[in-house]
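Given the structure of chain W, go ahead and fit chains R, P and S with the ligands onto it with the hints provided.
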Amino acid sequence: MGLPAGFDAAGAYRAMVRMRLVEEALVEAWADGLVPGEYHSGIGEEGINVGVVSHLSGRDSMALDHRNTSPLVGRGADLRTLMLEVMGSEDGLNRGWAGHMHLMDPDIPAAADGIVGTSGPLAVGQAVANARLYPGRVAVAFHGEAAMNQGMLMESYNMAVAWNLPVLFVCKDNKWSITTYSAEVTGGDLVERARSFGLAVEQVGGNRIEDVYRAAGRLITRARRGKGPGFLHASCHRPGGHFEGDPIVRLLHNPRGQAEEWGPPMIQNARAKTGGSRGDQLAAVKVLTKRGARAARDYTVRARMDPVRHGRRLLEQAAVDRIEASERQDVEQAVTEVRSAMGSRATFGVSGGTR
Amino acid sequence: MGLPAGFDAAGAYRAMVRMRLVEEALVEAWADGLVPGEYHSGIGEEGINVGVVSHLSGRDSMALDHRNTSPLVGRGADLRTLMLEVMGSEDGLNRGWAGHMHLMDPDIPAAADGIVGTSGPLAVGQAVANARLYPGRVAVAFHGEAAMNQGMLMESYNMAVAWNLPVLFVCKDNKWSITTYSAEVTGGDLVERARSFGLAVEQVGGNRIEDVYRAAGRLITRARRGKGPGFLHASCHRPGGHFEGDPIVRLLHNPRGQAEEWGPPMIQNARAKTGGSRGDQLAAVKVLTKRGARAARDYTVRARMDPVRHGRRLLEQAAVDRIEASERQDVEQAVTEVRSAMGSRATFGVSGGTR
Amino acid sequence: MTVMRYGQAIDFALGEAMARNDNVVTWGEDVRLIHRDLLARFGPERVRDTSISESAFLYAGIGAAMAGLRPVVEIMLIDFLPVAWSGIANAASKFRDFSGGRWEVPLVVRAGCGGWYTDGGQHEQTLWGQLSAYPNINVVCPSTPADAAGLMLTAVESDEVVVFLEHQLLSEQWIDFLAGNSRTTVSFDHLVPPDGVEGEVPLPLEPVPLGQAVIRRDGSDVTLVSLGVGAHRCMEAAQVLTASGIEASVLDLRSVYPLDKDAVLEEARKTGRVVVVDEDYVRGGLTGEIAALLLEAGVTTRYARVAVEGTIPFAPHLEYAALPNAERIVTAAKRLE
Amino acid sequence: MTVMRYGQAIDFALGEAMARNDNVVTWGEDVRLIHRDLLARFGPERVRDTSISESAFLYAGIGAAMAGLRPVVEIMLIDFLPVAWSGIANAASKFRDFSGGRWEVPLVVRAGCGGWYTDGGQHEQTLWGQLSAYPNINVVCPSTPADAAGLMLTAVESDEVVVFLEHQLLSEQWIDFLAGNSRTTVSFDHLVPPDGVEGEVPLPLEPVPLGQAVIRRDGSDVTLVSLGVGAHRCMEAAQVLTASGIEASVLDLRSVYPLDKDAVLEEARKTGRVVVVDEDYVRGGLTGEIAALLLEAGVTTRYARVAVEGTIPFAPHLEYAALPNAERIVTAAKRLE
Ligand SMILES: Cc1ncc(C[n+]2csc(CCOP(=O)(O)OP(=O)(O)O)c2C)c(N)n1
Ligand SMILES: Cc1ncc(C[n+]2csc(CCOP(=O)(O)OP(=O)(O)O)c2C)c(N)n1
Ligand SMILES: [Mg+2]
Ligand SMILES: [Mg+2]
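Residue numbers (this note's numbering), protein chains in the order written: chain W, 1 to 355; chain R, 356 to 710; chain P, 711 to 1047; chain S, 1048 to 1384.
FYI, nobody ran anything at the bench for these hints, they're computed from the structure. Beta carbons are placed, not taken as given, at the ideal position from N, Cα and C, and that holds for glycine. One should not assume that every hint holds.
To be verified - Under the rule of at most 25 angstroms between Cα atoms (straight-line distance), these lysine to any residue pairs were calculated in the SDA-like manner: (1) W/K227 x R/K641; (2) W/K273 x S/T1289; (3) S/K1381 x S/T1289; (4) R/K645 x R/P619.
What the hints assert, rightly or not - Across the chosen pairs, the derived CB separations fall in these ranges: (5) R/R573 x S/N1070: 27 to 37 angstroms; (6) R/G431 x W/K273: 54 to 64 angstroms; (7) P/A1007 x W/K273: 55 to 65 angstroms.
Here chain W stands alone, though its shape is the one from the complex:
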């Protein structure tokens, strides 16, 4: 199977590089204390985001989850106002009211939400409107695999099928839900689950951008023609963990340090005079060890699933260099401007303080 018809490997690579650079810039800004609170990066999801977003234009709408920066970048969102918003500036996309979890760009149109599972029903609503106001336009919902246990997301699969709506549900399966291994809390197979609602289903490796492009294209074309909603399952990996500062990532990067912090109270608790049986405690150790091992494996084996690296292989080196250089220049320019607009803000700009 060669590259799919209509697939622009250079354009796709350019888009992935741009996403990655913006994400990296924000991760760095977070570490520098410039991004307040949480930041959930989309590093590792670029293949999925680009593969889907390449098919969208005009009034095609998007309902996004907490990893929303990359899809917005892919749809051409303004880098400066986007980054300013994530940093909490009144010059940001949403005047500082949104932060990274609720980025809202009515011009795309795209809206993100921080409540897990809402992208599904929000996209269903967008699709009802699109079908009436902009026939041929689709709505895309992005969500994680763990979100599929949220009832309202499942409800929205049902609604989309019952109303035969132009929606695409994109499940980015990174196998984890914060610190929980999703398979431990999930029954059955997620692809079968989606299929059982009557959704048209495709399944791909999310790092293989050309496969994502092809599968998403099929589902989106179907939806545009009024043939009903689709579900795309795409695997991926979250090298940065759930969010910046993720304790599991800290554990993997600095096992000694984290063990020194977590170990003593756990040992003390396990040794408490009252508590579970020896069996209970062994079971606890087993649970934690298993989870740690899974994390370690995923963070080494799955890290090879980097979509950007894969996309690079589809191009000649010269093209790669050209693209990377121009995107880097673009993003760096924006970052410089944004950083200088923010100034230094160790106290998050709270001038009054309380003490």
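Showing chains R, P and S with the ligands alone in chain W's frame:
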């Protein structure tokens, strides 16, 4: 395939007759103005209720929906306090606080709830407790087919599988959700949906009591042995409609009368100067006609699916007569006592009134 | 002017709004049958039945509103909205703000509410106080057909989120459906306020502004503040109080939020005695908000509340005692003397 | 006595309750990692991770409570409880009543709440006012490690439903998780109340009764009423007010429901000036309830409220201005002079 091992046809018939008589007594009391508000009867579901409940005893628990009278009767609930509660007496099972939608009997133990879909997660919780406190005991959730589009019910399927709990979900599929034909608002196939969560699935005609008994038995035995939760799909029919006074039943029983009430405003609306296109209005007529035809068909064809009639065929006439006579005596006795305890109450006992 | 029933007036106003603007659509459970007149007029694309999926179809309303429609999402009874509460608490109330004011959510959430017809503690709540707690959520409950029509028109044409509550005791549709009024053996005549169930509606329709209370009866001794059926109960109580020489004002708020602060304060200054009559729970609601307004404004007044103190019991006589009935209002008003 | 951090104290108390009673179990998202100490002590059967299914696992807690366990269901952040609101509004608050008093629901709902660390309008709410609106729902939010431990013990041992809110700014676990406190480039020192994050806890543990407020500072000129981080902000404000010659009392309610009515009235009678400081929304909450108590009791007092007026904005300086900070409290208190 003969009758299943352990199946007591006479006992099952007795239980179905008892349920039917109690339901009929309450339906009559409703018509007489003795039951306030709504009443959702379980007439037509006796085969399912008996087939499942026959396997339960002791600390096996039940989470019930709005059609809860029959399962309670099947578990031996006291007829008098049950009926008094449904009529709103302070001498009722729950001192008049519950009414028929929230009947609660801690001695069974069984609890009903009026929010569609909650029986699933409530049974999941019961099952966690049973597994810890009363190993070998199961929890049973009863729900309709339309409830399966309620997110929390789907969530509870997932939980039950992920935690490998001793739960049985019983879906009583009467094809209707109040006045909505469930298939019109449901995507995919419900049995496939349940299976996709990893539930062990059985599917039966709910009027065939022996089939229900066999399938429920298999799933309950599995669950008791710690092999995980099950899902039983059983078809049935609601000859009395969604609740007493159901407008669709009124339409079927008295088409002329209902048409005289509904017709003129609808015609007037369809003729309004502003409104939808002629096509919209034709589509509306089609939607309503189709729904009416489906209702009419179900209320004639499916009415033959009476589980009580089917159960009667499994017995000799003499046994049937004996059972019916003794159950009738028992229930009539209770009804007489309850009615006399209630007295006449055209105003629902509101002595003060407000005007 | 024409005479309409309460539910009919609401659907009539919604029909007018749908006729004026093609982007107004409605969906919810059983709406095609319940609002069959609208279905007949506008067709099935604009009047849709949903599955029992309150969370998804409310969020879908929000998504649709932001994508260009003006959805009227019906949640059957307000008691079922808690299933979908996040749509109100985290989405409808927040998205305009999150967008930095760049994106409106022109959504109406329509639902039945209220009791007096024996439907138990899970089908008779009002929840209007808690709903009004969230930012940007307008909440109304009309007490007459005219207000019902006028407020529905305003709600649909507003660019903001409006929760439109229709009282089940006043709506011919719900009383038939839920109270079993189709049998001849029961009668709600002693409970149903005649001015609430049927009345004149101005034609062409006149929008009723959000946040504007109306004085139903003018008196100088005590002010009874309420809305929905509560306003009628206050009228009954006022009647009774006259016999004891007490002349009561009755203020029908119509909106829980925005609250007509000026009207409340003016009345309070006038009579110096305020009884808030609320079919919602006593805590976390309207009674507290009005108390706070009074204290903040430094209006010294005697004050009492007549509200729902706990779970609404099923049995008719217990239910009646638990709801803010005229006897309870009279007692409270007399105690302020 | 031993010194503990706030989150540590809660888990310590929960551990003690689990040790005393084998039927106490806990579940929620990521609890095995977040409460790894409890996992290590009691094993995976009693400390369970759930899927992201708040509705189902809250209802499951109710079912389990009625079937003999004492579940502590953790909803991560209270902002996510609206997804499962029906479990509170229609089930946990109602089932004992529906049963006619025959069936208890010994359930604890545990969740983080509150802001000041820049997590946006969907992760910093408190919602305690709306929660307390429903019948039979006790709601607490401790402001110190000692109260945190004592209230958790009480909550688990109570036969009633208790919503136990741990303030995210005070909890070392949440501030690390949600505010990114693991980096060295940010500091919350100027925002974190030292007496809230760490303090002495009596050993053996002493239960703190529901509905009992505590006076943190005694003054004669004005009473500042609050709970959670708000109580600390009141202490800061009291400090500032001294400079202007105003001596403030600070009443830490600890429970939103039951509310310590006697303590509030006594303080109000003493100072004649009440400022209610509430990290919840201004409507439908605590500020209104206290106003109603004052008016009902006929206690003439000057009154002001400092609460959250709308969506909590993300940007740190906007967030700070929107929350009930010490400056706002000082201004409100001075206005009552
Ligand atoms: C209703 C709700 N519950 C819990 C959370 C907290 N939370 C945020 S992201 C997340 C995990 C989501 O996992 P998944 O859907 O797989 O997406 P991923 O983060 O892996 O991309 C959780 C539990 C939330 N934001 N909303
Ligand atoms: C959350 C919620 N939404 C809506 C309702 C109103 N309602 C009560 S029963 C019902 C239909 C249920 O259909 P199904 O699950 O198939 O059960 P059936 O009545 O057919 O036995 C509806 C919509 C409710 N009680 N709760
Ligand atoms: Mg994931
Ligand atoms: Mg059904």
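Going through the hints against the structure:
With a CA separation close to 22 angstroms, the supplied pair W/K227 and R/K641 stays within the 25 angstroms bound. A hinted pair counts as satisfied when its Cα atoms are at most 25 angstroms apart, and W/K273 with S/T1289 does not qualify at roughly 49 angstroms. Proximity of S/K1381 to S/T1289 is assessed by CA-CA distance (about 11 angstroms); at most 25 angstroms being required, the pair is judged to hold. Annotation: proposed proximity of R/K645 to R/P619 holds, straight-line Cα distance about 20 angstroms (limit 25 angstroms).
Remark: the range hint 27 to 37 angstroms for R/R573 to S/N1070 is upheld by a beta-carbon distance near 31 angstroms. The hinted window of 54 to 64 angstroms between R/G431 and W/K273 is violated, with their beta carbons roughly 45 angstroms apart. Between P/A1007 and W/K273 the CB atoms are about 60 angstroms apart, so this pair conforms to the stated range of 55 to 65 angstroms.
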